[in-house]
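The listed protein sequences correspond, in order, to chains A, B and C. First residue of the first sequence? That's 1 in my numbering, and the numbers climb one at a time after it. First residue of the second sequence? That's 1 in my numbering, and the numbers climb one at a time after it. First residue of the third sequence? That's 1 in my numbering, and the numbers climb one at a time after it.
Since the hints were made in silico from the structure, they are not lab data. C-beta atoms are modelled at their ideal positions from N, C-alpha and C, and glycine is treated no differently. Don't take each hint at face value.
Claimed, not checked - Distance condition first, Cα-Cα at most 20 Å in a straight line; then the derived SDA-like pairs of lysine to any residue: (1) B:Lys203 <-> A:Leu25; (2) A:Lys170 <-> B:Phe39; (3) A:Lys238 <-> B:Lys48; (4) B:Lys48 <-> A:Leu165; (5) A:Lys170 <-> B:Lys28; (6) B:Lys44 <-> C:Gln24; (7) B:Lys28 <-> B:Lys44; (8) C:Lys142 <-> C:Asn168; (9) B:Lys203 <-> C:Asn96.
Claimed, not checked - These stretches of chain A come out as covered by chain B in the derived footprint (C-beta under 8 Å, 3 or more residues): (10) 23–32; (11) 69–81; (12) 172–183.
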Amino acid sequence: MRAFIAIIRVTFSQTLRLRRAIGLLMLSGSAAGMYLLFMIASRRSAESAAWQREIAFETFIGMNIGVLMNIAVPVVTLIIATSVMGDERRDNTMSFLVLRPISRFTIGAAKVVAAFVEAFILTGIGTAAFGILVGIKIETFSYVVPLIVGTALATAAYAAIFVPLGYLLKRATLVGLTYVFIWENGIAAAVPALASLSPWRIGVSATAGLAPTDFFELVPADFALGSLSPGAGGALVKVLVLMALSAAFMSYILRRRDLAT
Amino acid sequence: MSDRTGVVYDLGYKPYEGERLGRAGAIKAMIKDGLRRSFGIRRKARKKVYPWSMVSIALLPAIVFVGLAFAIGTLSPDAESPWGGHPQYIGLVGTIIILFVASAAPNLLIPDREDGVLAVYSSRPMTAWDYILGRVGALAGVASAFFLIGNIIMYIGFAALDDDGLASALIGNLDDFVKILLTMVAYVVGYGAPALLISTYAKRVGPAAGIYLAVIFLSAPFAEMFRALDFAGSRYGTLISLLQHPEVVRNWVFGESQSNTPLIAVGFEPWVSAVIIGIIGVATMYLMSRRYRREL
Amino acid sequence: MTVNPALVDDPTVEVTGVSKWFGQKVAVSDVTCSFGPGLTGLLGPNGAGKTTLLRMLTGLTLPSQGEVLVKGVLPRAKVERYRDIGFVPEESALYNTLTARDYVAYAATLTGLSDPGAAADRALETVELTDDAGREVGGFSKGMRQRTKVAAALVHDPEILVLDEPLNGTDPVQRAHLIKLFADLSAHGRTVIVSSHVLQEVERMTDRVIAIVDGKLAAAGDISAIRRAMSDIPYRVMVECDKPRDLAAALLLHNDAVSSVNITRDLIHLETTDLAALGTAVARQARALDVRLSKFAPVDESLESVFRYLVGGR
Chain A
1 MRAFIAIIRV TFSQTLRLRR AIGLLMLSGS AAGMYLLFMI ASRRSAESAA
51 WQREIAFETF IGMNIGVLMN IAVPVVTLII ATSVMGDERR DNTMSFLVLR
101 PISRFTIGAA KVVAAFVEAF ILTGIGTAAF GILVGIKIET FSYVVPLIVG
151 TALATAAYAA IFVPLGYLLK RATLVGLTYV FIWENGIAAA VPALASLSPW
201 RIGVSATAGL APTDFFELVP ADFALGSLSP GAGGALVKVL VLMALSAAFM
251 SYILRRRDLA T
Chain B
1 MSDRTGVVYD LGYKPYEGER LGRAGAIKAM IKDGLRRSFG IRRKARKKVY
51 PWSMVSIALL PAIVFVGLAF AIGTLSPDAE SPWGGHPQYI GLVGTIIILF
101 VASAAPNLLI PDREDGVLAV YSSRPMTAWD YILGRVGALA GVASAFFLIG
151 NIIMYIGFAA LDDDGLASAL IGNLDDFVKI LLTMVAYVVG YGAPALLIST
201 YAKRVGPAAG IYLAVIFLSA PFAEMFRALD FAGSRYGTLI SLLQHPEVVR
251 NWVFGESQSN TPLIAVGFEP WVSAVIIGII GVATMYLMSR RYRREL
Chain C
1 MTVNPALVDD PTVEVTGVSK WFGQKVAVSD VTCSFGPGLT GLLGPNGAGK
51 TTLLRMLTGL TLPSQGEVLV KGVLPRAKVE RYRDIGFVPE ESALYNTLTA
101 RDYVAYAATL TGLSDPGAAA DRALETVELT DDAGREVGGF SKGMRQRTKV
151 AAALVHDPEI LVLDEPLNGT DPVQRAHLIK LFADLSAHGR TVIVSSHVLQ
201 EVERMTDRVI AIVDGKLAAA GDISAIRRAM SDIPYRVMVE CDKPRDLAAA
251 LLLHNDAVSS VNITRDLIHL ETTDLAALGT AVARQARALD VRLSKFAPVD
301 ESLESVFRYL VGGR
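The task is simple: from the sequences and hints, build the whole structure.
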């Protein structure tokens with residue numbers, strides 16, 4: 001356990017430096033920033049309160065999916081998760097890590113957890129800020145927790161996918177970005193059956209499952225959920241399995257393959 | 001007495017006595033190196049996978065468009081292909097172009113700084129501007145090539161299907177080709193300059209690409225928000241839409257109707273996008289020169 | 001008693017028929033050797049396969065063929081085996097954002113030591129980095145970075161120490177200190193394997209070397225014995241005296257062991273295939289001619305000369 005925590009701690013110091021953290025925090029806070037602009041704009045509107053609430057709600061849904069889950073969460077997590085193993089490989093510190101009497105699964109699991117925690121600190125703050133602003137506008141904070149849970153699960157899923165990628169490929173971030181912008185936002189958007197292969201949609205399904213029912217009325221279901229049903233429990237199970245598989249896969253390649261240089 | 005003669009040649013160090021190409025030669029060499037680096041030419045096979053995958057994905061719509069035009073023309077000679085031409089193709093591959101530039105620009109600038117190679121450049125008879133021109137020229141070259149390949153396939157393909165014959169159509173549609181070139185400049189500068197700017201200051205290739213993509217794709221919804229704001233000066237916020245300026249120029253050049261882009265909706269003329277692109281280009285060159293004059 | 005100098009009687013690390021190839025490139029070809037308590041120098045020119053061999057000894061790289069056993073087991077078979085191994089890689093392998101103390105303490109924590117801080121302090125004191133222990137490794141000089149890596153490798157007191165170019169970047173004082181440290185460790189029964197290009201320093205550290213050239217085992221054992229085994233390459237000897245021409249002429253006339261003579265000022269440079277016979281002959285002739293000898297020294301028994309012969313012939 002001490003080794004597990006030590007690996008996470010050192011991974012934090014290696015990959016989350018101040019300048020990068022500030023930049024990524026701004027990115028994850030982009031949805032909150034945009035919603036704030038919207039709130040300023042709508043204050044000047046002469047429309048009725050009911051109409052404004054409806055627009056506020058539509059805007060919230062649109063930004064949650066179009067900005068937060070579609071761009072901010074994947075990109076922030078991708079940058080962090082590919083660095084977690086990628087930096088070890090780049091700095092030639094892999095030999096330091098593996099020549100220790102700790103199981104390869106412990107190393108793999110620690111890295112996946114480190115990537116998730118580090119990325120979620122950033123995406124979670126951005127999501128919480130967004131959720132609170134939305135709550136102020138639509139006069140209910142019942143969406144804050146579902147949003148944070150959805151972000152957490154999406155972040156964890158991306159971390160699970162991108163950590164091994166960062167070890168295996170030197171251009172992992174570029175491959176990951178292609179996955180996000182072409183596969184997830186292009187191909188998986190057109191084919192609903194592929195939604196279960198899309199981490200952010202898994203996150204949205206969790207949010208939809210926990211949120212009050214009117215969320216689901218406005219979610220553009222085909223694009224945002226595809227073949228997934230709303231439900232936090234199912235999403236949680238999927239993500240936990242994904243993380244376990246990722247750690248197991250890392251363990252396998254550390255045991256069976258020559259150490260990457 | 002023998003008439004045989006012999007000579008011993010000194011095989012020691014001989015200074016180079018060939019042609020010296022000067023700064024222009026250095027810039028050309030850097031552009032060539034940049035092209036090779038971006039497309040993985042003379043590199044290992046795995047360095048070619050990403051760029052040529054992007055090229056393949058980008059060419060597919062062009063081939064499909066020409067194929068569909070041929071099929072429709074065969075089935076119904078008077079009908080026109082509803083799948084459009086160059087503006088529609090460019091709109092389809094816009095994301096691919098952005099992804100390609102996201103990969104190319106950081107790979108041109110960041111390894112030189114982080115691997116300590118700038119010191120080698122600074123020991124050569126070249127200035128910081130030579131280096132910048134070499135690298136910017138390389139990105140402009142690869143992005144232009146990437147942009148043009150599909151458009152040229154369509155241009156020649158449509159011309160070959162034209163009732164007037166290939167040669168006549170090629171000459172007759174030259175104005176279309178001019179429009180393609182103008183749009184190309186807008187896309188290359190509009191998407192390339194921000195990528196170069198971010199890569200000038202970033203330390204790692206991957207995060208630079210990620211931040212560039214996030215900035216480009218998030219600029220559109222931000223512009224949308226500024227459109228909704230209703231106070232004096234808020235309309236100028238729509239000009240931050242880096243994603244849409246090249247698209248506005250494309251539609252303007254080809255005479256297409258502007259989709260509901262925020263900056264058009266708030267009353268700006270399309271030429272404003274061209275000016276913004278120009279400003280971004282100039283600002284990028286200025287900031288790069290400041291950075292690299294320190295290093296070189 | 002072992003007759004093969006590449007093998008030791010009581011090995012802790014055994015390499016049997018090991019080869020490694022990367023695609024078409026053969027990095028190590030059919031190497032069989034072993035390492036035991038004491039210090040062994042691993043030599044070879046750049047690209048010879050030394051680093052690849054060391055990475056196979058530690059389990060970082062798997063052999064394409066053959067077997068490496070560390071205390072009787074495959075390195076990767078049991079992670080517990082890594083308690084017995086300390087490795088100093090040639091490349092940087094440092095977390096630049098950590099202080100030296102934190103870095104070494106991290107190594108201690110991962111190895112399961114109960115008091116990582118105290119262990120780190122002891123290890124840093126061993127390499128004389130106590131004063132800089134609180135500084136970030138990213139700001140260290142090359143020599144300090146090397147010593148930090150050595151401290152991390154020593155913190156858990158391993159039985160086997162594998163060092164790939166540990167003297168790189170160190171100044172003469174630091175180098176002397178590290179050499180003494182490695183010698184002390186080997187004297188206390190540890191298996192120390194050092195790969196280095198600094199041949200004079202390897203010569204100071206140990207008499208036993210394993211030489212790899214083009215991925216193959218080129219020589220093994222005691223340095224002098226290796227030189228003697230190169231019977232096809234004549235010894236070069238330098239003699240300094242007050243009557244070089246007289247002595248040189250006499251040696252040529254009366255001694256078949258001398259194959260060539262060269263005189264520069266007061267020095268005679270001789271080549272011979274029988275060093276012992278030449279020594280006797282020089283003494284006899286010097287007495288007979290009343291020549292005052294001031295120096296008789298073989299010039300190519302050093303490790304550097306042996307290495308040069310192994311790599312490039314004469």
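Do three or more residues of the stretch 172–183 of chain A come closer than 8 Å to chain B, measuring C-beta to C-beta? Held - the stretch 172–183 of chain A has 8 residues with a Cβ nearer than 8 Å to chain B, which meets the minimum of three.
Distance restraint between B:Lys48 and A:Leu165, which requires alpha-carbon spacing of 20 Å or less: Holds - the C-alpha atoms of A:Leu165 and B:Lys48 are around 18 Å apart, at most 20 Å.
With a cut-off of 20 Å on the C-alpha distance, tell me whether C:Lys142 and C:Asn168 pass. Status holds; Cα separation ~8 Å.
Are the Cα positions of B:Lys44 and C:Gln24 separated by 20 Å at most? holds (14 Å)
Holds or violated: are the alpha carbons of B:Lys203 and A:Leu25 at most 20 Å from each other? holds (18 Å)
Quick check: do three or more residues in the stretch 69–81 of chain A have a beta carbon closer than 8 Å to a beta carbon of chain B? holds (count 5)
Counting residues of the stretch 23–32 of chain A with a beta carbon closer than 8 Å to any beta carbon of chain B, are there 3 or more? With 3 residues closer than 8 Å to chain B, the stretch 23–32 of chain A meets the three-residue bar; holds.
Under the criterion that the straight-line Cα-Cα distance not exceed 20 Å, is the pair B:Lys28, B:Lys44 satisfied? violated (23 Å)
Hint consistency between A:Lys170 and B:Lys28 [alpha-carbon to alpha-carbon, up to 20 Å]: Given that 20 Å is the threshold and the Cα spacing comes to 29 Å, the pair is violated.
Given the hint that A:Lys238 pairs with B:Lys48, does the C-alpha gap stay at or below 20 Å? violated (35 Å)
What's the verdict on A:Lys170 and B:Phe39, does the C-alpha distance respect the 20 Å limit or exceed it? Roughly 16 Å separates the two Cα atoms, so the pair holds.
Hinted pair B:Lys203 and C:Asn96, Cα distance within 20 Å: Distance of about 15 Å is within 20 Å: holds.
Going through the hint list in order, the structure does not satisfy hints 3, 5 and 7.
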